[in-house]
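K.L.:
Sequence:
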Amino acid sequence: MADPSFFVGIVGNIISILVFTSPIATFRRVVRNKSTEEFRWLPYVTTLLCTSLWAFYGLLKPSGLLIITVNAAGAALQATYVALYLAYAPRDTKV
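My numbering runs 4 ahead of the 1-based position in the sequence shown.
Calculated from the structure, these hints are not laboratory results. We put the CB at the ideal spot given by N, CA and C, even for glycine. There could be a bad hint or two in this list.
Said to hold, decoys possible - Just the calculated beta-carbon pair ranges, DEER-fashion:
1. 53 x 91: 33 to 43 Å
2. 91 x 21: 17 to 27 Å
3. 44 x 22: 19 to 29 Å
4. 39 x 12: 37 to 47 Å
5. 61 x 22: 26 to 36 Å
6. 25 x 46: 26 to 36 Å
7. 42 x 68: 36 to 46 Å
8. 10 x 42: 39 to 49 Å
9. 84 x 11: 24 to 34 Å
10. 36 x 69: 36 to 46 Å
Work the whole structure out from these sequences, hints included.
P.N.:
See the structure below:
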């Protein structure tokens with residue numbers, strides 16, 4: 005029988021993936037309208053930094069596989085969101 009913390013980790017990963025995929029509808033709208041409209045860049049950049057740091061922490065932690073997998077996937081999704089945001093943002097919004 006697996007350790008209960010492993011099951012809690014799996015549930016946490018599932019919830020995290022749901023959180024990371026929640027902006028998909030927003031970015032469908034951005035691509036469809038070819039504009040970022042009133043959406044702000046800050047949540048996507050901060051989540052990208054957060055998931056990247058957690059993935060790095062997972063690399064340093066022994067048996068950090070659950071931490072690495074969910075946060076690497078989250079970082080990839082967030083990087084995609086940031087790239088789409090930059091592609092459709094007005095010129096004065098781009099940093």
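K.L.:
What are the numbers of the hints that this structure violates, sorted from low to high?
P.N.:
1, 5, 6
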